[in-house]
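*Asks:* Here is how the chains run, residue by residue.
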Amino acid sequence: MWWPWRRRDPRIADELRFHRESLIDDYIAAGMDRAEATRRAFLKLGNLAHLEEDVRDVRGRWLEDLSRDLRYAFRTLRRSPGFSIIAVLSFALGIGANVAIFSLVSAVMLRSLPVRAPHRLVQITRLLEGHPGQVSYPLFAQFRDQIKSISGAFANASVTEAALIDGQEDFVTAELVTAGYYQVLGLEPAAGRLLGPADLQPSSTPGVVISDGYWQRRFGRSPTVLGKPVTLRDRAFTIVGVTPPSFLGVRPGQPPDLTVPLIDSLMSDAQRRATDFNWLRVLARLAPGATVTQANAEAQVIFGAFVESQAAHASEKDRPGILGQRAGAFRAPDGFNVLRDNISQPLMILMGIVGLILLLACVNLSGLLLARAEMRQREISIRLAIGAGRGRLVRQFLTESLVLASAGALIGLLSANWVSAWLFRMFVNGRSFNLSVSPDWRVFVFTAAIAIISCVVAGLTPALRAVRANVNPALKEVRAQGQGRFGRGLVVTQLAISMVLVVAATLFVGTLLALNAVDRGFDPEGLLVVRVRSAQPYSAARAPVVQQALRDRLASLPGVATASASQMLPLTGGLWDRGVQVEGYLFQPGEPDHVGFNVIAPAYFSTLATPLLAGREFDERDTAASLKVAIVNESFARHFFRNQSAIGRHVTSVGVTCEIVGVVADAKYQDLRSDIMKTMYIPWTQREGDQPARYSYVVRTVSGDPQRLSPTVERLVGDVDSGLHLATATDYDTIVNRAMSTERIMAALGGFFGLLAIVVAGLGVFGVLAFQVARRTNELGVRMALGASPTAMVGLVLRDVAAMVGAGVTIGTVGALAATGLVRNILFGLTATDPRVFLVAAIAMASAALLAAWLPARRAARVDPVVALRHE
Amino acid sequence: MSDKSTSLVQGTLYMLILKTLALEPMHGYGIGVRLEQISRGVFQVNAGSLFPALRRLERDGLIKGEWRVTENNRRAKYYAATAAGRRKLERETEDWEVQTRAIARILRATPSEQ
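If you read the sequences in order, they're chains Z and D. Note that the first sequence covers residues 2 to 873 in my numbering. Note that the second sequence covers residues 8 to 121 in my numbering.
Rather than coming from a laboratory, the hints here were simulated on the basis of the structure. Glycine included, C-beta positions come from ideal geometry on N, C-alpha and C. A few of these clues could be false.
As the list claims (entries may be wrong) - Short derived list, chain Z residues pointing at chain D, Cβ under 8 Å:
#: 1; residue: Arg12
#: 2; residue: Asp15
#: 3; residue: Glu16
#: 4; residue: His20
#: 5; residue: Glu22
#: 6; residue: Leu24
#: 7; residue: Ile25
#: 8; residue: Leu46
#: 9; residue: Leu52
#: 10; residue: Val56
#: 11; residue: Val59
#: 12; residue: His640
#: 13; residue: Phe642
Stated by the list, open to error - Listed below are several chain D residues computed to face chain Z (Cβ distance under 7 Å; list not exhaustive):
#: 14; residue: Gly35
#: 15; residue: Ala54
#: 16; residue: Phe58
#: 17; residue: Pro59
#: 18; residue: Arg62
#: 19; residue: Arg63
#: 20; residue: Ala83
#: 21; residue: Lys84
#: 22; residue: Tyr85
Given only the sequences and the hints, what does the whole structure look like? Please build it.
*Replies:* Right, here's the structure in full:
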């Protein structure tokens, strides 16, 4: 369609020339001589070039018109490079920010599993405060067997441990799945076969399925992988199949390397039988014709019966807790998406923020385009005078805006990829999530859509206003007045949007500051956290020996002040809890008797720098054979013993009575926002239970960066025992930051965009004021000639600014108040309507506006009346 | 040179051109001559109206253009009506006849005929 049109073009000239020559021939045939005939013909036809233009202008197919408009647009934009660059960059920033956030939204919230009919998958689970939890094996079995609205269900647990794969030890992520996993999902293997009922029979060697990623990494996609042996937890398996490359497991961000059938020997007794050992996640497929509501109702009925029977076997005290549990079934087309639960709210807030930034950029650009159209008035008037349609001109201007928006969108798209990857890393902050956030088809469609929308928002009004120009110059003055009013309206809009963004920024920064100021109860500076793992688990006798040896060796390293260990460290997600009886305290009926529980090594509190308020820490005296002791925290002591000393009192838990020998300050174990739990600590030498426990080791370094010690620690770990390896060595500052990662991101991005908004709005104010002062030079000159002082001139300008800022801030405040309800639950230490926040924001806006007004005000004050009066 | 006063005639012009081409394919100059001929000098189509009209008709697919060599050994673009063009001509002619009959009746009405 294109090329024939271009080829036809020169032929119009040929056609017209033929017409003229035929006319000449006819004149000659009628009796004129050649010269006369030629003259007549030229007279009659006029300028052929003009005719050609007319013919070419005939409204044809829109594609050809568009290409013409595009080329004209490129030519025009190339002539004003400064403007074009600013405009393209503005679009790039606004569109790029939106695309970056949307890439994350698409990757985390909008994708479905690449399986058959993912919208028919439901997760059935216990609910903890509305969030999906886990279930026990007996409960899973009941769900699977008794819910009629599902055609199949499977349970799934994810572990990360060492396995022997084809003779080589590898640290892999493995998913343990029950029968029917692949059938419920509806997946076909890429090679070999997938797990089936045969793999759960005790007789044969069960198979495992590996992921395409692991096949690539470990075996280089070699076809000989099928049949290779795998040893996990001392059980033998064979690799029988590979899943397709698009399948990354049912936990987005946590792709498994291995999928292992949950055979009986892989489960401990507790895991298989205990009704309160909740370690599995359950996914089911709706039966044809069934609905989620039905499945949900059935799940709740079955769960109700389940907890009834659980409560009947439990103690009186525990019953309310058990019966208070909730369960449900809900759609899960994206599997067990922990990421979505965690970051969807901040992401949505960020989308709102970058949407406002784009709007701001568009309004700003509108102003710029308007000013530019003003400069092209001559061109527009001429084109209108020679007959161009107004619609045609508007289309031309919109095409220019489209070129700018598209260029910006392209740049934005390219940089968004990098930004969204960085942002994702910030959000997960060290936790191992492996998710691809590169643009998918949704992102491309989104980019195109907002490019077009921004083009229209920014470019339509200036285009319409520009062609309203009347050819009569006398009316030009009136129009300029209107232009000024519209320009100021744009600035007020920009100020309002900025106000909302600045309020948001202040709220997020304030939240972060408040969170940072929370007393953590320990000092993370200079602390190194060491976590170890072993290929083979240690026996119950050997484990404590290794653990204590490791601790002793760590403590004696040069550069180390003290070292200790515990099961749970502060700010890493909470504590175990246990029911207790406290000497001299009577629990009210219905009062929970659970307290936080932690097992620690000697010198724990001095290593963490948690103040010891009374008594002593655990030390070498406290062995397995000596008196059972415990240390409690402030909250515990205050709650159970009021003003009396806790030292010497007794606490009983799981049948063991301990004497309290120390009281320590409260520390935050769950996270920075949660309240402190009443906590009791026991020494690791006195821990009951046969299974070896896992500990994290914490080391206080004397000075400098704790990470420096990592290589030394790694070697030391290997020295203590050959089967022991270093898993991670992290400095505590990083862990504390992780606990605040969302708040830090919101503060950083919110602050960045807030600042950007102020700058953009300030530029808008500056532009309009400069324009006004220039336009009113005459008037200002007259005033000064009549005796007004320069200060009064400045006053005029400032009154202007004050009016705009006042309007903008007011509208912005209303908008912010309406919107802050959305961010209420990620705030801390502030409410969404805190007047101090709005005051700070208003002051920031006013200061920026004043700064922007400084130059125009100075210019107004410096107007020389004589020069001004001569300036027409 | 989009002359507003000929916008009404422009519509009629399309019809006239289509009719001419439906009878016989010819080039732009020939169409102008033929129209002048048949209308006995009433319609003298100038090039400024004729060629944009031809362009429009061609773009709308109602006529088709083809470069050929004339008797005088010159290259000229010959147009012919397409099937769509003929159908449109039929419709337009019908409408036109209905309109003209109605106008004629109104113009010939005497006070006695209500």
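*Asks:* Next step is simple, just say for each hint if it's right about the structure.
*Replies:* Hint check:
Hint on Z:Arg12 holds. Least Cβ distance to chain D is approximately 7 Å, under the 8 Å limit. Because the smallest distance between the Cβ of Z:Asp15 and any Cβ of chain D comes to about 7 Å, under 8 Å, the interface hint for this residue holds. Hint status for Z:Glu16 relative to chain D: holds, with the closest Cβ pair at about 5 Å, below 8 Å. Hint on Z:His20 holds. Least Cβ distance to chain D is approximately 5 Å, under the 8 Å limit.
Residue-level restraint check for Z:Glu22 holds (minimum Cβ-Cβ distance to chain D is 7 Å; threshold 8 Å). For Z:Leu24, the interface hint holds, the least distance from its beta-carbon to any beta-carbon of chain D being 7 Å, beneath 8 Å. Below 8 Å, beta-carbon pairs count as interface contacts, and Z:Ile25 has none with chain D, the closest being about 11 Å; its hint is therefore violated. Because the closest C-beta pair between Z:Leu46 and chain D is about 5 Å apart, less than 8 Å, the hint holds.
The closest approach between the C-beta of Z:Leu52 and any C-beta of chain D is roughly 6 Å, which is under the 8 Å cut-off, so the hint is satisfied. With a cut of 8 Å, the hint placing Z:Val56 at the interface with chain D holds, because the nearest CB-to-CB distance is about 5 Å. The interface hint given for Z:Val59 holds, since its Cβ lies 4 Å from the closest Cβ of chain D, which is under the 8 Å cut-off. Violation of the interface hint for Z:His640 is found here, the shortest Cβ-Cβ separation to chain D being roughly 88 Å, above the 8 Å cut-off.
Against a cut-off of 8 Å between C-beta atoms, the interface hint on Z:Phe642 is violated, since the closest Cβ of chain D lies about 95 Å away. The restraint placing D:Gly35 at the interface with chain Z holds, with a minimum CB-CB distance near 6 Å, inside the 7 Å limit. This hint holds: D:Ala54 has a C-beta 5 Å from the nearest C-beta of chain Z, less than the 7 Å allowed. Because the closest C-beta pair between D:Phe58 and chain Z is about 5 Å apart, less than 7 Å, the hint holds.
Below 7 Å, beta-carbon pairs count as interface contacts, and D:Pro59 has one with chain Z at about 5 Å; its hint therefore holds. Restraint check, D:Arg62 versus chain Z: the minimum CB separation of about 4 Å is within 7 Å; hint holds. Using the Cβ-Cβ criterion of 7 Å, the hint placing D:Arg63 at the interface with chain Z is satisfied: the shortest such distance is roughly 5 Å. Given hint, D:Ala83 at the interface with chain Z, holds; its Cβ is 5 Å from that chain's nearest Cβ, closer than 7 Å.
The closest approach between the C-beta of D:Lys84 and any C-beta of chain Z is roughly 5 Å, which is under the 7 Å cut-off, so the hint is satisfied. Nearest Cβ of chain Z to the Cβ of D:Tyr85: about 10 Å, over the 7 Å cut. The hint is violated.
The structure is inconsistent with the numbered hints 7, 12, 13 and 22, although it conforms to all the rest.
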